[in-house]
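Two independent chains are provided; combine them into the complex using the hints.
Chains R and S, in that order, are what the protein sequence lines are.
Residues 1 to 90, numbered by my numbering, are exactly what the first sequence covers, in order.
Residues 1 to 224, numbered by my numbering, are exactly what the second sequence covers, in order.
What the hints contain is simulated information worked out from the structure, not anything from laboratory work.
Heads up, a few of these hints could be off.
[What the hints assert, rightly or not] Derived DSBU-like pairs (lysine-lysine); straight-line CA-CA distance at most 35 Å:
hint, chain 1, residue 1, chain 2, residue 2
1, S, Lys145, R, Lys71
2, R, Lys63, R, Lys44
3, S, Lys145, R, Lys4
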Amino acid sequence: MSKKLDSILGSVPPATSKKPVGDFAKNYSNIEEEQDRLVAVVPKNIKRQLRQYIVDNPGETEKTVILRALKTFGFDIPDNILKDKRGNNR
Amino acid sequence: MNKVFLWSVNMNPVITLATSKGGAGKSTLARSLGGHWFNVGMKLAIIDADPQGSIINKHDPQGLMGTVTVIADPEETVFNTIESLQEEYSPIIVDTGGFRNRTTIRALVKSDIALIPLKPSADDVSSAIETYNLIQEINQTPERKSNPIKYRMVLTMTQQGTLISKHVRQELVDMGYLLLRSELNLRVSYPEAALKGLPPNLVEPESPAARDISSIVSEINSIL
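Chain S with its partners taken away, still in its complex shape (with noise of 0.2 Å):
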């Protein structure tokens, strides 16, 4: 596939990952967002700027996605990290740790999208709307003012059949929260997957859980 075709305005565009509460599928998400565009023949970077190192300490060198540059840069120069690897990869894909922290504000300040994920519960919901609002911030700053970072909520961890991730998608939508239609729903598929180093859709391309994601890239497509 033609990177082209899939990013006609921003060529590089670089997707960074934030919420300030651990748990709520920051790494999942953005380990199966590199998988799908690994799948499709992107020349694609992951910046793994979580001091936890979810992704860089599960990446295989050896494994099916040994190819894929990963990088672990959790502190503040992560900012030329992202502006080197722009000149040979696209796109960049930052996970960031689940605190409020000056790496994640420096990633976020070199964004085309913030994805914030979050799982249907109470304390998601907060740290998901502390995270909107620290976006808010930084598109007012003179960096990032004319061209302000864009963000979607992700719900994850979903159960279909619930009504709690319903009511919880509907209460944001009611305070005008932007939230993508697709889901990473509940799946034994992440954390097994996961025990590799790898996302589901990487395993099994043909999977629910890979049409789950590639439902989301598609929404990400067509904001980028």
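Isolated chain R, as found in the complex (with noise of 0.2 Å):
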């Protein structure tokens, strides 16, 4: 491939987006405790539907649930902590 065309297609995204978002997964055992608050504010409504869920689903938190449609998106989260570690000491 030629300088000029790669340097086209570097200028644009993919298509999709399977490929890993970003280098969390390759980074994250030395990010493990420098956890961080996400706040967002949505209608009450999914607020509503997300608790249902989670109490539909033994083992899920609202954590799980956003890291799990993160990584739909493409974002590289390792299975490991899509779990509720705190489940282990109920």
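Following this line, the structure appears as structure tokens:
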């Protein structure tokens, strides 16, 4: 492939987002302790649906549902953080 | 009909439908062209390179167009997919996503002609021009400099007797862009047939829509 074509390709996004977004997974082991808070204001109806989903699906939390959703968008999220670790102590 | 009669120079043409705007009629035109060439006995293939999968999702392998090869490849591998299909199929129609993306560029690099559908609206016109500029950019690469991609804009969803399509056509011609004379007129038979994943020219081969499509194909043949 010529440099010129490579440069045109590099200026636009891929058609699909299957590839990992960012280097999150690569660096995940280093940033495991560096947790941060994510806040989103959503319609009450969405929140209600989310709560109901969690009730219907034992083991799921708001965090795991959101991470699972992000994964479908191509974010590279390791499977081990898709489980609620708090469940082990209950 | 003999394909040699249709394409004496390029035996396995690749025709890509591209514009950076959704809803301009890419999939409708792709499906309709496919219907035409299927009707005349060509062994064609359609590549659905649009991540939305408008064609592949409605394709019924048991239906009227069931024997047509339809492949979904919205990835950059579309380049190789076209290459491998070219050995067996002619023509190859590629439907692309309605936004600037690498898959569309990869498909364009392998194309003989790019059709840029546009409705007679300001948004569609600017997207069509943007796509034209992209094609010109690709034509400057070593891959296509000696054999530039041909292109034509195609007016879609036009209403006969209205001034807007005439106006848009005239503006584009005055600016030096190439348009097909034939248009894909607004007809209810397109969405009706699309419910079953079919083009109107397959459901009703003698219909006005079929005549529109046939006229578009004649122009494409003369360019190829």
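Structure-based check of all given hints:
no.: 1; hint: S/Lys145 - R/Lys71; in the structure: 41 Å, violated
no.: 2; hint: R/Lys63 - R/Lys44; in the structure: 17 Å, holds
no.: 3; hint: S/Lys145 - R/Lys4; in the structure: 11 Å, holds
The earlier numbered hint that this structure contradicts is number 1, and it is the only one.
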